[in-house]
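Based on the sequences and whatever the hints tell you, model everything.
If you read the sequences in order, they're chains P and C.
Using the working numbering, you'd call the opening residue of the first sequence number 1 and step up by one each time.
Using the working numbering, you'd call the opening residue of the second sequence number 1 and step up by one each time.
You can take every hint at face value.
Pairs count within a copy or across copies, as identical chains cannot be separated in the list.
Derived pair list, reagent style DMTMM-like, types lysine to aspartate or glutamate, alpha-carbon separation capped at 25 Å:
| hint | residue 1 | residue 2 |
| --- | --- | --- |
| 1 | K129 | D175 |
| 2 | K76 | E179 |
| 3 | K66 | E171 |
| 4 | K140 | E179 |
These are computed hints drawn from the structure, not numbers from a lab.
Protein chains: 2
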Amino acid sequence: MTDTKQTKIQLKNRQRIMDAALEIFSTYGYRGSTIEQVAQAAEMSKSSVFYYFGSKTEIYVALLTKTIDGWLEPLKQLDENGDPSKEIWAYVERKLEMSRNNPKASRLFANEILHGAPNIMNILKGDLKPLLDEKCLVLKKWIEQGKLVNVSPHHLIFMIWAATQHYADFEVQVDALIEGCADRDACFNEAEATLRTIFLNGLLPR
Amino acid sequence: MTDTKQTKIQLKNRQRIMDAALEIFSTYGYRGSTIEQVAQAAEMSKSSVFYYFGSKTEIYVALLTKTIDGWLEPLKQLDENGDPSKEIWAYVERKLEMSRNNPKASRLFANEILHGAPNIMNILKGDLKPLLDEKCLVLKKWIEQGKLVNVSPHHLIFMIWAATQHYADFEVQVDALIEGCADRDACFNEAEATLRTIFLNGLLPR
DNA sequence: CAATACATTGACCAATTGGTCCAGTTTTTT
DNA sequence: AAAAAACTGGACCAATTGGTCAATGTATTG
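Okay, structure coming up:
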């Protein structure tokens, strides 16, 4: 897809559009966003946007597929030869870090899934599922070795996804309901401490 | 608001519209839904929909506010005089049950929050926050009495919300990634067992 | 410098859609 | 049964919006 050579301007402007589109699509959803908004955020005319991308859908799908690799990465790093507790906690930390550093991407995905994942169902079943199944086998092994309590590996992973992505997807709710935390960092630190306590204590056999 | 007397037909048709609107709005989001779709789902003409509701927004807001009470209910039931573990687990169960029985309502809220909660921010801050703060004081008391591990009460609640609502909001992802479960009930039962193990084990001091 | 490819945008088009209006129908009331 | 009220939906309107196109501007290259 990205094989044809591109000028500096093309590269720069396509990037500008993608950045703007992430901002807009993650905030208003696909149907709720207009190309005019994206164009304004990218500081160019609507026509220019269509010069670089063929359609609204093309931009949206490009965004989704571009960020999905980064989405799979944290799980890939789960090492079956490492210490179970350390590995799982490291995974939770990576996921939480993603919610902290790139909440827009998280919301973009959440939106897509919420609406039935019409554009990324093939990626879910084609890339994510095999990876997930593979890592769940590792968890299963750890459980059988008595290193973790006996839970469903798949649902444990779901729980980690849910608990970490919550801070990106429901950010405005979290912000509205918490006032004690001095700032965003303090809030994330408290979240991290709570997740660490519950996951590590919860997964360690007694 | 609902003080003026209504005929049987009004009551029935308004309900038909609300049901249809929940179906449509929860699937496609506010901007992604059209009144025509709602009308079709309610088996009446678009004009008739506008006869019963003044605008698209009015239907949407009516839906949100109508279901929000049911949303607060489970947390209200958390009893400070009960056994901490039992109370928290009962709360998790109630929340999970809501995801199972009314996933559309969950997705409707998720959508609204994801887009910045423009229509329910006042409810979040006005009704939910005081209730949440109150119950967090109860959790704090339990922690100080050494009945629970030391975590941030607010973040514990967030974790419960995230882990339970995930099964409604990300239903299509869960369905796409799990094949082992025979049916929907079996999946929820496995989820429940996993949540029980981690939360109860995780919250109990050693 | 001239020719050519690349880049930019305002004007325009057609489809969609929230919402109105009114003429006709059904239900309720007297 | 007649009058009044409630209900229904087809036709229509105006605003929005995804997308096109031709005209103009700007690099790049021989």
